[in-house]
Structures are given as C-alpha cells and as structure tokens.
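S.K.: For reference, the chains in residue letters:
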Amino acid sequence: MRITNNMMIASTVRNLNNNANRLSKAQEQMSSQSKIQQASDDPVVAARAIKYRNYVAKVEQYQSNVEDAISWQKVTDSALGNLNDVVQQIREYAVQGSTDSLSDDDKQAIKTNITQLKEQVVEIMNTSYAGRYVFGGYVTDTEPYGTETTTVGDKVTFKGQYMNMGGPVSADLSDSDITDYVNANLDNMYESGSDQSIKYNVGYGNQIAINVEGQDVIGEDTGSNLIDSIDELLLGLDGATSYKTAVISTDPASVTVETTAFSVDEVLADLDNDIDRILTARSDLGARTNYLTMTKDRLDSDYNTYTTLMSKNEDIDVAEASTNVSTAQYVYEASLTVGAEVISKSLVDYIG
Amino acid sequence: MSSTFSGLSIAARGLYSSQAGLAVTSNNISNVNTAGYTRQSVNQSSVAPAAVYTGSVGGGSQVDSIDQVRNARLDQKYWRQNNSVGTWEAKSMALTEMEAILDETSSDGISSIMDDFYAALEDLSSDPSSSSARTVVQEMGNSICEYLNNVSEEFSQQRSDINGNIKTAVTSLNSYAEQIADLNQQIQVASANGADVNELKDKRTLLIDKLSALANIEVGEVMIGTQADGTKNTIVSITVNGSALVSGGNARQLAVYEINDGSTQDGMYGIKWQDTSEEFSAGGGELKAYLEIRDGTGAGSETKGIPYYMSKLDEFARTFAMAFNEGIYADGSSYYSGHADGTGADGSTEIRFFSYDGLSSDELMAVGSDTDSIYANITAANISLSKDVAEDVNKIAAASADGESDNNEVINDLISICEDSRMFNTGTPSDFIGSVISTLGTESSYAQRLYDNYSNILTNTETQRSSISGVSTNEETANLTAYQQAYEASAKIITTWDEIYQVTINLVSD
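So the sequences go chain by chain: A and B. Under my numbering, the first residue of the first sequence carries the number 1, and numbering increases by one thereafter. Under my numbering, the first residue of the second sequence carries the number 1, and numbering increases by one thereafter.
Since the hints were derived computationally from the structure, they do not count as laboratory data. A few of these clues could be false.
[Claimed, not checked] Every beta carbon over 10 Å from chain B, so not counted as near; a handful from chain A, in silico:
| hint | residue |
| --- | --- |
| 1 | Thr179 |
| 2 | Asn183 |
| 3 | Arg282 |
[To be verified] Listed below are several chain A residues computed to face chain B (Cβ distance under 8 Å; list not exhaustive):
| hint | residue |
| --- | --- |
| 4 | Ala10 |
| 5 | Asp68 |
| 6 | Gln196 |
As the structure is a prediction and not an experimental result, all values here were calculated from the model. Idealized CB from N, CA, C, for every residue including glycine.
Build out the structure end to end from the sequences listed, making use of the hints.
M.R.: Structure representation (structure tokens):
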C-alpha cells in the first residue's frame with residue numbers, strides 16, 4: 001500500500017485520540033470511583049444500580065423505623081413493668097386490708113397508700129416517648145388518662161372521656177345523684193375504642209404495630225377494669241359492704257342503678273384478672289419486640305448484602321482501575337513520542 | 001539517417017518534460033496539506049520518429065496531460081458511509097445530552113429523589129405529629145415536582161436547539177448545492193476551452209464530502225464531452241433521497257417553514273422544496289437524525305426521540321400524582337386510600353398533594369368533570385404541589401380521622417402506593433423510571449456503537465482514498481530528484497550536441 005503523509009498524520013492523530021480517550025475514561029473511573037458515568041456506558045449496570053440503590057435506601061429506612069419502634073416499645077415495656085409493680089403493691093395492700101383484725105386507722109392508712117398508687121397508675125399510663133404518649137392510640141399529643149372530681153367521686157378519664165362512668169360508687173350516694181351524673185355526662189362516656197395500632201413499615205409489605213393501647217392494659221368494660229377494681233377496694237377499706245353501679249343502655253336509652261354486695265376478698269380476684277391483663281399486654285409487646293429485634297438483624301444482613309451488591313455492581317476495583325490508568329498513561333505517552341518521531345521525518349531530511 | 005539537428009530537439013523536449021515534472025512535483029508538495037487535494041502526475045509519452053526508415057530514432061518525450069490520481073469508486077463509497085456516520089454522530093450526541101439531562105447515574109437523579117421522598121413519608125409515618133417531618137415531606141414532594149419541571153424544560157430547550165440545528169443544516173445544504181452547481185458550470189466552461197479542471201474537481205469533491213454527511217445523496221456523473229486527448233469531461237448530478245438537488249449548473253433550494261398544524265411539531269421547522277413546495281425527505285444523514293430525535297414518539301418503529309421521553313415523564317407525573325392524590329391507578333383500579341381521603345393535622349380533608357401550576361385542591365378539581373380529565377392536565381412541565389400543601393404543611397394528610405395526632409393510616413397507605421408494582425404496567429414508580437433510563441441508556445449506547453463502527457469503516461475508506469490520492473513527500477522528493485537529474489542530463493546533452501556542432505562547423509570552415 002502506498003503510504004502518504006496525510007495517512008500517517010491522520011492515523012497518528014486518530015490513535016493519539018483513541019489513547020487520550022482511553023486515558024480519560026480510565027481517569028474518570030478512577031476519580032469518580034464509579035464504573036459508569038452515564039447510563040449508556042453500561043445500560044445493564046445502570047439499571048441494576050437504580051434497583052440496588054433503591055433497595056439500600058429502603059433497607060436504611062426500615063432500619064431506622066425498626067430502631068424507632070424498638071425505642072418506643074422499650075419505653076412502653078418499662079412502663080408496663082412499673083405498672084405491674086404498682087398493681088402488685090395494691091394487691092398486697094388489698095390482702096392486708098382484707099384482714100378483719102385491722103383497725104380502722106390502719107385501713108385508712110392503707111387507703112391513703114392505695115389512693116396514691118392509683119394516681120401513680122394514671123401517671124404511668126401517661127408515659128411518653130419523645131413527647132408522644134405511648135398508651136393513647138393515635139392520640140399521642142395529649143395525656144390519655146386524667147382524674148376528674150365529679151359529684152359521684154373521682155372518675156378517671158381516657159382520651160378526655162369518662163372511662164368508668166357506670167363504675168362502682170359509694171352506696172351512700174342516692175340513685176338520683178348517680179343517674180343525674182350519668183345523664184349529664186352521657187356525651188362524654190368512653191365507649192370501647194376502635195383499634196388504633198400505630199403501624200411502622202419494617203420490611204417490604206411488612207408492617208408491625210408498635211404501640212400498646214391503654215384500654216388493653218387497664219381494661220375498658222365496666223366492672224372489669226383496673227380503675228373499677230381499685231375504686232371497689234377503696235370503698236371496701238372505708239368499711240362499705242356494697243357499692244352502686246349504673247347500668248347504661250343506649251337502645252332504648254335508660255340508666256338504672258344497681259347495688260352490689262361485696263367484700264375486699266372478692267376484689268382480690270378482680271385484681272388478679274387486672275394483673276393478668278397487664279402481663280398479657282406485656283408479653284404480647286415482648287413478642288413484638290422480639291420480632292423487631294430479629295427483623296433488625298435480618299435488615300442488618302440485608303443491608304450488608306445490598307450494599308455489597310451495589311458496590312460490586314457500580315464501584316470500580318481500585319487496583320484494576322489504577323492499573324488501567326497507568327497502562328493508558330504509558331500507552332498515551334509512548335504514542336506521543338513515536339508519533340512525534342514518525343511524522344517529523346521524511347526523505348527531505350536526508351537529501352543533501 | 002537522422003537529421004543533423006534532431007539531437008538538439010530531442011534534448012529540448014527532454015528539458016520541457018522534466019520541467020513539467022518538476023512543476024507538478026512542486027505543486028503536489030505545496031498542496032501536501034490542502035484539504036481535498038488530489039495528487040497529480042505527469043502523463044508523459046515518447047515521440048515517434050519524424051520519418052520511418054531503417055535505423056530511425058524516436059523524437060524524444062512529450063507531456064500528454066497532467067492527470068489526477070483518483071478512484072471514483074472510493075468516492076462513492078466514502079459518501080455513502082459518511083452519510084451513516086453523519087446520522088449516528090448526530091444521534092449519539094443528542095442522546096448523550098439527554099442522558100446528561102436525566103443525570104441518573106449520579107446520586108441526584110429521579111430515583112434518588114424518589115427514595116428521599118419515600119424516606120420522608122416513612123419519617124412522617126413514624127411521627128405524624130411532627131411538623132418538621134411534615135416539612136421534609138413537603139420539601140421532598142417539591143423536589144420531585146422541580147426535578148420533573150427542570151428535566152422537561154431542558155428537554156424542550158434541547159428540542160428547540162435541535163430545531164435550530166435543522167435550520168442551519170438546511171442552510172448549509174443549500175449553500176453546498178449552489179457551490180457544487182457553480183463548480184459544475186465552471187468545469188463545463190473551462191473544459192470546453194481545453195483548460196485544466198483538476199483543482200475545480202477537487203473543490204467539488206470536498207463539497208460533496210460535506211454534503212454527504214447532511215443527507216442521503218446519490219451522485220451521478222454525466223459526460224459532457226471528450227477532450228482532444230480523450231479524457232472525458234463530466235459534471236455531477238446529485239439527488240437527495242430520489243429528488244434532484246443538483247443537475248448541471250442548476251441547484252434546487254430547500255426552504256424551512258414553521259409547522260402550524262396543532263400537532264406535537266407545532267412551532268417547529270418543516271422543510272420543503274422551494275420550487276415545488278413538496279415536503280423534503282432527507283433519507284439519512286444529520287438532517288434525518290435531527291428530525292428523528294426532534295419528532296420521534298417511539299410509536300411503532302419510530303425512533304424514540306425527545307417527544308418519547310417527554311411523554312414518558314408526563315405519564316409518570318400524571319399517573320403518580322393521580323395515584324398519590326386519589327389512590328387511583330392509571331387503569332382505574334384502587335387499592336389504598338389516597339391523600340384526598342385523609343385528614344390533615346388541622347382537620348382538613350379532600351386535600352390534593354400534587355397539582356399543576358400551583359393550583360389549589362379546589363381549583364384542580366374544578367378543571368374537569370372526572371378524575372381522568374382532571375389529571376390529563378398534569379404534565380412533567382407543570383406538576384407542582386397544590387397551593388394548600390405548599391402553603392401549610394398541616395394540610396398534609398397523614399391520618400384517617402381528625403384529632404388523632406399519631407394516626408398514620410393514610411400515610412402508610414401512601415407509602416404502600418409509592419412502592420406498589422400495580423401503579424404502572426412496568427411496576428413501581430422507580431421501576432418505571434428505571435425502565436425509561438435503561439431504554440435511553442440502551443438507545444444511546446447503540447447509537448454510539450454504530451457511530452464508532454461507521455467511523456471505523458469511514459476511516460478505512462478515507463485511508464484508502466488517501467493512499468491513492470494523497471501526496472507523499474517522500475515520493476515527491478524522489479520524483480524531484482529524478483526530474484532534476486533528467487533535466488540536468490538533458491541540459492548536458494544540449495552541451496554535448498553543441499560541442500559536436502562546433503566540431504562539425506570547424507571541419508567545414510577548414
């Protein structure tokens with residue numbers, strides 16, 4: 001083949017260009033630490049990169065959700081632990097109070113203690129985590145439990161409503177006082193709440209309820225909740241042998257008062273039920289925390305898997321990339337040197 | 001017997017021939033770097049003796065013509081290949097620019113913005129009462145809108161840049177055609193006068209080289225006569241995709257006009273023949289590539305041009321906004337509550353999160369009679385947060401009922417919507433984006449690969465052309481030496497004959 005000057009120059013320039021291109025690609029990969037700069041560099045890697053980044057971002061989010069959920073549940077669990085202690089204490093006092101030999105003064109002292117413990121129950125049920133009340137279901141911005149003094153004695157409210165409206169009151173009160181109170185506050189009566197479990201995403205399509213609702217701990221039915229049990233106990237310690245309850249039916253609307261005879265002994269059985277309820281709530285919570293801890297471990301390993309895959313997919317092998325850079329650099333320099341030699345020489349240089 | 005003074009005339013012819021050789025060599029060397037220059041060579045022949053008899057000697061040498069060393073077949077090949085190179089170069093450049101606009105491989109493309117939005121929703125779900133979490137959702141929602149607005153704006157800008165390129169290309173095409181027609185005419189006149197047309201031909205070839213990158217051209221040669229020495233004189237005729245562009249000294253012109261038919265090409269340039277007003281079809285080359293990128297909707301076998309990607313983004317904006325706002329997917333099915341079904345922290349309901357042009361929820365719902373006609377208005381270019389959400393983060397509906405600060409039922413539904421593979425027929429929103437990105441990536445790498453391939457083929461042809469027609473200084477230097485020596489030798493012969501004549505004349509005088 002006839003080789004002309006332009007051919008030599010063109011091919012030198014072309015090859016220099018190719019080598020410069022290769023060097024620039026190698027350097028780009030090295031400095032960005034990424035195999036691809038644009039999707040067209042490798043569409044398969046790019047599509048996978050989107051997928052993996054999405055997985056990693058999600059797993060990171062699930063991890064933070066799980067952490068948050070576990071913290072929430074730890075606070076709830078220790079509150080339930082405290083509540084259990086308090087109720088156990090109440091039960092002990094109840095055992096003491098059921099002893100007939102006890103003097104009235106002693107009974108009053110026990111009553112004072114129990115009243116204080118009742119306040120503690122309310123306080124514990126108002127436990128908050130990061131400014132959010134954990135037992136309030138969806139309503140976390142106001143204290144779920146409160147105590148209000150009414151014409152029929154102190155009543156506990158849940159989410160602003162009387163939770164034991166028809167609950168035991170002193171038999172000394174007249175029926176009309178009780179019905180008047182009930183009728184006046186019917187709008188404010190707590191009726192069994194809807195399921196308000198706060199759910200967090202802890203995995204793809206995997207939601208878990210993080211909270212324990214107050215009514216599942218305290219109970220909500222008249223006659224079988226912790227507050228009613230304590231109120232009965234307090235009445236019993238005052239020497240009462242019967243209490244009155246209001247039976248409220250809505251259809252047709254009617255309020256009737258019932259008188260029930262009781263002894264402190266009988267309250268013990270109720271308290272045992274209350275303790276059982278608390279323990280059930282606590283062990284249910286424990287099971288969920290356990291599940292979360294397992295989920296956390298699984299997410300940690302998912303995170304490792306996906307970040308490794310993501311890195312393998314799009315990150316460069318540094319050793320390989322730096323070798324590529326050096327090779328490209330060497331080739332480029334060599335081609336510059338040779339190119340400069342070749343195109344500067346011609347027969348003219350040798351003719352005298 | 002040869003004539004007495006024939007020696008002198010043979011030597012003189014030798015001088016002329018060598019001189020012509022030296023001149024052609026000088027011309028070649030001085031044009032070594034001239035674009036499009038074709039190496040010339042001296043066509044030299046020996047002169048037959050004046051009379052034929054035994055022992056007669058030839059009459060020396062003569063220059064018949066100065067020829068171009070050129071292979072016409074290679075030119076045709078070059079033009080065909082250059083057309084493909086033009087097509088794919090323009091396409092791959094446009095597609096690379098589009099990739100840069102979508103900017104997916106860096107960590108701030110749409111899929112990472114979607115991930116951030118998703119994370120913000122999760123944070124709000126874990127603490128619906130937090131106004132900072134609400135603000136983040138608002139900001140991230142706004143980022144999605146702004147990203148889509150920007151990309152759409154940049155695509156439109158690129159589209160109008162390409163539209164401008166089309167006008168420039170048409171202007172160049174007109175100018176090349178005219179210059180080629182002029183050269184045809186000059187060649188015709190010059191060759192009729194017997195003048196040398198080599199340089200004019202070179203110029204013409206160079207122009208056709210350039211023209212071939214713009215459109216799919218067919219070049220034919222028409223013989224217009226034969227010179228005295230038998231060389232054929234030709235002029236070229238050029239057709240673009242079957243329609244005549246240059247014939248002889250006449251060039252037809254193209255005109256651009258603004259399309260005004262309410263289609264997606266509205267406001268863009270159309271191209272027609274100035275004389276017949278027929279639509280122009282480039283058939284290939286840069287012009288066709290520009291038109292395809294500008295107008296390609298991807299329907300059927302059409303190229304996936306800018307309108308295709310814009311419509312994909314529009315589809316994304318529309319479908320995502322409808323699913324997020326109403327909980328209704330493109331196929332009309334609904335699996336979760338949407339934003340409008342929820343309750344904001346201030347008790348507001350029926351609030352739409354996404355809207356367009358900053359319309360409030362009420363204004364948005366008033367623009368159409370049904371969901372589909374309302375959301376048909378949303379495009380990637382105009383999607384925005386609704387005025388309500390943009391002004392008050394408490395309007396973001398996380399809850400399913402009022403007054404429950406930690407009710408996260410609706411926000412959980414929204415999260416499920418964001419990762420629901422039923423939203424698009426290609427899967428989740430990020431799957432949809434992923435498939436758009438990988439379509440673009442694949443198209444772009446295909447265009448680059450074809451560009452590289454055709455460039456290599458073209459380089460090969462260019463090398464062959466250069467090998468035949470290019471100037472080699474080594475060869476010319478060697479020729480220079482040869483002609484110089486031949487010249488010196490002829491001069492020496494004249495001296496020798498001179499001495500011989502001296503001797504002869506002196507013999508006579510004695």
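S.K.: State for each hint whether it applies.
M.R.: Taking the hints in turn, this is what the structure says about them:
Every CB of chain B lies more than 10 Å from the CB of Thr179/A, the least distance being 30 Å, so the non-interface label holds. Distance check on Asn183/A: its Cβ is at least 25 Å (rounded) from any Cβ of chain B, clearing the 10 Å threshold; non-interface status holds. The claim that Arg282/A is not at the interface with chain B holds, since no C-beta of that chain comes within 10 Å of its own (minimum 21 Å). About 7 Å separates the beta-carbon of Ala10/A from the nearest beta-carbon of chain B, less than 8 Å, and the hint is met.
Taken as an interface hint, Asp68/A checks out: its beta carbon lies about 5 Å from the nearest beta carbon of chain B, inside 8 Å. A cut of 8 Å between beta carbons decides the hint on Gln196/A: the least distance to chain B is about 7 Å, and the hint holds.
No hint from the list above goes unmet by this structure.
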